[in-house]
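**Q** Chains as they are written, first to last, in the numbering used here: chain L, 915 to 1153; chain S, 8 to 303; chain G, 16 to 456; chain D, 7 to 364.
FYI, nobody ran anything at the bench for these hints, they're computed from the structure.
Mixed in with the good hints, there may be bad ones.
DSS-like mimics (lysine-lysine), calculated; alpha carbons at most 30 Å apart, straight line [unchecked claim]:
1) S:K290 <-> L:K1020
2) D:K14 <-> G:K203
3) G:K203 <-> G:K279
4) G:K367 <-> G:K65
5) L:K1130 <-> S:K173
6) G:K411 <-> G:K279
7) G:K367 <-> G:K129
Since this is a predicted model, take the numbers as computed values, not measurements.
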Amino acid sequence: MLTITDLTTSYGPVRALDSVDMTVEAGRITAVLGANGAGKTSLLRTVSGLVRPSSGTITLDGTDITGAPVESMVHRGMAHVPEGRGVIAELTVEENLRLGARGAAKRPSDAPAPVRTLDDAYQLFPVLGDRRSAQAHTLSGGERQMLVIARALLARPTLLLLDEPSLGLAPRIVAQIFDLIRTLVADSGLTVLLVEQNARSALSIAHTGVVLNLGKVVVTESAEVLRNDTALRHSYLGF
Amino acid sequence: MTDDIQKLVNVLLNGLTQGIVIAAFALALVLIFRSTRIINFAQGSQAMFTTYLALTLLNRDFPYWAAFAVALAAGFVIGAVLERVVIRPLEGGMELNIVIATLGLYVAIQALAAILFGSDYQSFPSPFGMTGFQVGDLNLALTPTSIFVLCTVGVVGVGLTLLFQKTQLGLTMRAAAFDGEVSRILGIKVSHLLTFGWALAGLVGSVAGILVATGTFIYPSYMETLIAFGFIAAVIGGLDSPVGAVVGGVLLGLVNSLVSGYVASGLVTLAAFALLIVVLLLKPGGLFSSTTARRV
Amino acid sequence: MAHQPRPTRRSRRLVLGAALAASALVVAACGGGDDDGGSNDPGLTEESIKIGGHFPLTGVAAPGYSEIPLGHKAYYEFVNANGGVGGRDIEFIARDDGYNPAKTSEVVNELVLKDEVFAIVAGLGTPTHQAVTNFLNAEGVPDLTVSSGSLLWDNPEELPMTFGWQPDYESEGKVIGQYIAENMPDAKVGIFGQDDELGEDGTRGLEQYIDDQIVAQVKYVPGNTDVGPQIAELQKSGADVVVGFNVPSYTALSQLVSMKLNYKPTWFYTNVGSDSGLVGSLLEEFSQGAIKGSSPLAGVYTTTYMPQASEPDNEWTKLWQKVWDEYGDGSPLTNYKVYGMSQAFTVVDAMKRTGDDLSRESLVETFEQEGGDLGGPNYVPFRYSEDRHAGIGGLKLVQIQADGTTTDKTPVLQTDVGDAEIEEFTGDVGTPPESGIPGDE
Amino acid sequence: MSTDTTAKRLLDLNLTRSLLISLGVLLVGVLLLESTDRYTNTQLSSLTYYAIAAIGLTALTGLNGQISLGHGALMAVGAYTTALLLDTESPLPFPVVALAAVVVTSVVGFVVGIGAARLHGPYLAGATLALAVALPSVALYFKGTFNGEVGLTVASPRPPEWFVSFIDAVSGEFATSSKYVAYLGLFCLVVALFFALNLRRSKVGRHWRAVRDQEVAAEIAGINLGRTRVQAFVISAAYAGLAGAVMAVVVRLAAPSAFTIVLSLSLLTAAVIGGLGSITGAFIGAAVLVFLPPWVTSLSTGSGLSDTQAAQMSPFIYGIVLVLVMLLAPGGVMGTLSTAWRRARLRRLHPATPTQKG
């Protein structure tokens, strides 16, 4: 689905990503783990086209999308929930969702999509339905996370990039959201690239884990192995 | 007694007609400020230039509405071209540079118009009557032309509100204005919207330029005072709210007319400045500004 | 309150000192010890006389006024083509000051110090010209036929080099005032005045005759083109006669707004603002309903002090039309071009009368000695003398007809500022010399 | 070496450096005035007041980041104060009058500055634009003192005895009042330059730059943003007042139509062309303001344009230059020179390492 080869991104002299190689299998959840500043967010921003890599290639379903403009990604089926969630606070819930749905315009009509219409989104997240005409800045953290996930799904993506969905949320809500992600992948074959600080909950739903440290890939293992390898967990994942 | 009432009514009507045109111009300024956070000081010169294009057509016996349409189209195109050629390369640089570039355009376009069209007074015909209505023995300072002006600005205001509230394009423009990066992630071509924003502002500015000119005379610097008044109205309104621009414009028009009618014609610009300071002291972001949610 | 021109309160010692210093400089600069100044004044050579002036070619005051130098240029070319003045060709430089005093000072510095003109002619505008009169007098440069009706130029003590030309606004106000007092004794009069010397001097003249009939005085500031409230005030005051002391663009604006308010008083306009050519063409577009082709200013009273461009069969207008057809830029003849050509005619006449020993000193003397009988289309002669530098001394009241021509409402009247009487001028109105050039009959 | 002595030594160094530069400019000025003809003298006098105002504006906009379109109006305050003070039988000596003009304009600048400190970017530009449009109407309305549209004539001060003999000694010419005024302008310019040079290097200058570049960081570092902005506005207003005073005696008139928005725009053009924040740049910009228009007008009349069209050419060139400078060389003349110079020096010092890409 998504293959990254020898990817390097630098901000001036600082190398945020240092020749990263990884692949994200279709219909699987790949978790990217690592301490703060390890390069997790830079990886997502480079993959989604917000940042131009210094070298290396990114291919999505076989086509090379290295350096393609970020505006084109959603039409290629890649939806990105950025760091800080990316809610447009001054617009209402429904307006945010309508912007997401707009991304589906160029998607093939038969593409498998769990959420096709706004009503599907309101069914998936009833709280959004109740507050559809409220201004987004009045939503709680959890509600905002649901909103941006629903917005991303409305674009009928095949690949979903999630940047630390658990940030600032109560454990109960984190579990609820991670559970949702797992069912989405299981039921509709969605592929997810999940960047997370909270390694424990990420590994609970991921199939493969990639650990970054100082911009380099340190370990690529199945989530199963990572969950049980205490030494690895201590040194990189802090639990 | 009726003479006093008639004067008050006429001063207010005069203020309303002047104010509604200031409002139209303030709308153009707000359109650009919402998306790029800068004030386009060249807006007045652009509007003046397209009005002169219309007048050249009128002098060649084109019908008024053809000239009107050409001016609006020219305003749209000039707005887009200026954004692409001058503003886009300065994007991301110091805000000061963009403001200075618009000031340069303001001076250059005005001088260019004087060279091309001459600096003499030229009268701009009106397709409607110029004499006021009579109600009983009251002569109202309301002519078919001023009604045409009021309706046109009304149409522009309603049109813009519908565009922003009801259409997909309007929604994407607002999104781009509030958060450019997230909009791009959602697949919105923000750069195209910026150009469209300047083009739309150019069109609305041209409407204001023609409405100011219709039924009176134009000369290359006829829009100069309107730039200051248009800005004051936009700031009073909140600089990023179209409704605020219209209210600010009408309020300023009334104040100017009342001061000119009952105090002194020389004090008009001072009164406008005082109104601006009072509003900024009371509500720093302007009356209808939503920027209070975010620091300007 | 007799009008005390501002400079006299200035310490006389100062300006005279500067004038003394300057004339010493002129002598020093010329190097020559001879005191006749003779032919080596700046701007004077065997074949040419270089003169210049400052005019608003750009900015708000450009419309109309920017045509005055065109009149000068055309007439001087006409004179040069017919032998010039004593064999010398006249070279005329018009500089733009955009009606901004700071720029006037810059361009006059350029004319006097760099172009080294022999004299400044027809400098236009009260605020603008006032910025340079002290400098011109200190430099000893003749400052002839100033294009403004202000009284500031009639001040031989302080400004020995400066001469007015057109009738001043106060005299004009008196003539209009007398006419209204005699012919419309029970009229309620409103005044629509520009907020400066033009409005004030004109109003002062009016008040001498119809002070009790004035019911409203409204003022506008040039630059603020919205005169709605002012006309509403005039309408409220019930004035059925309105006298306007304003520039041409505000004649058009006041007519437009009056039409809008259905306010139809009898209008009087100063000759400054009543050029039926410019104002007429401006209002043409808006005279819906009125019979096509009739002048929008039909029925308006104004004053004239010389034949108008709208009197084609007048001898003087024929001359101007001939000169303009040959040396003009092809645009129609307007009163502003006639104004410029008339000033040029007077200057050329003065130069010819000074004869061979033409110098700055002698030219100014000619203006003071023979000023009274200098040629020109003006009905009433100039008031130039040793102690008066005021220009044309009289005018007549006329009414503009539907076809744009004017009919006389009063004979030619002669008057002056202050409480001078208004008498009928009985002298004959001169006709232009056959050749069109003064001095060679 | 305890820190305060190094600070003192540094201060002396800074002081002497500014003094030397200022004296240098004085010398060059005198040479220029005495070697050129009288018309160029009048142009040089105009150069002095444009330069003073441009230094004040470049300090405000370049060092502190505040955009002001109202400095033409502030010059009017200085000019009218001077005109009123000189309009007496025995006028005060010009330096005293100029000082009074500076004080009055600084007070006005303080009032406006308080308002300005709360505004940013486009709000500030617009508010000062409104000030520039509004202030002339004060002169129109209060006709009693300011004499309305016609304005106040200014009796330019007479050259005192010592000056007449000085000029006689230097060049044997007779000292006219316009030459004396040119020297007054030069003297004020040198004083203004001296303070500006000191200001740049001093703590105040550093605070201003901090506020311009990283507002938040400056605030955290304990710099009171509001106070610094008001301070910057007051000082630039003082410069505008001094420029207004010199302009009044050079032009010999203070009238509303001389202080329009066009003047404010020209001052901004001068500061920008020279290079915002650079004092030498302000000189260059002022020179462009004085010498460009006559050259452009004569060029265009020569090439067949009519008088009216030729008169429009210099504002047209101004506008285009402003846009081009912003597009091609935002640093202005001095900015571009210094970056080019720095890059050349960099290449000279480390010719081996390839310059960093991107």
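**Q** None of the hints should be skipped; say for each whether it holds.
**A** Checked hints:
For the suggested pair K290 (chain S) and K1020 (chain L), the alpha carbons sit about 45 Å apart, so the restraint of at most 30 Å is broken. With a CA separation close to 79 Å, the supplied pair K14 (chain D) and K203 (chain G) exceeds the 30 Å bound. Pair hint K203 (chain G) plus K279 (chain G) holds up; C-alpha atoms about 13 Å apart against a cutoff of 30 Å. In summary, the hint linking K367 (chain G) to K65 (chain G) is supported, as the alpha carbons are separated by about 15 Å, within the 30 Å threshold.
With a C-alpha separation of about 48 Å, the suggested pair K1130 (chain L) and K173 (chain S) falls outside the 30 Å cut-off, and the hint is violated. At most 30 Å may separate the alpha-carbon atoms for a hinted pair to count; K411 (chain G) and K279 (chain G) meet this at roughly 24 Å. As the CA atoms of K367 (chain G) and K129 (chain G) are separated by approximately 26 Å, the hinted pair is consistent with the 30 Å bound.
Violation of the numbered hints given earlier is confined to hints 1, 2, 5; the remaining hints are satisfied by the structure.
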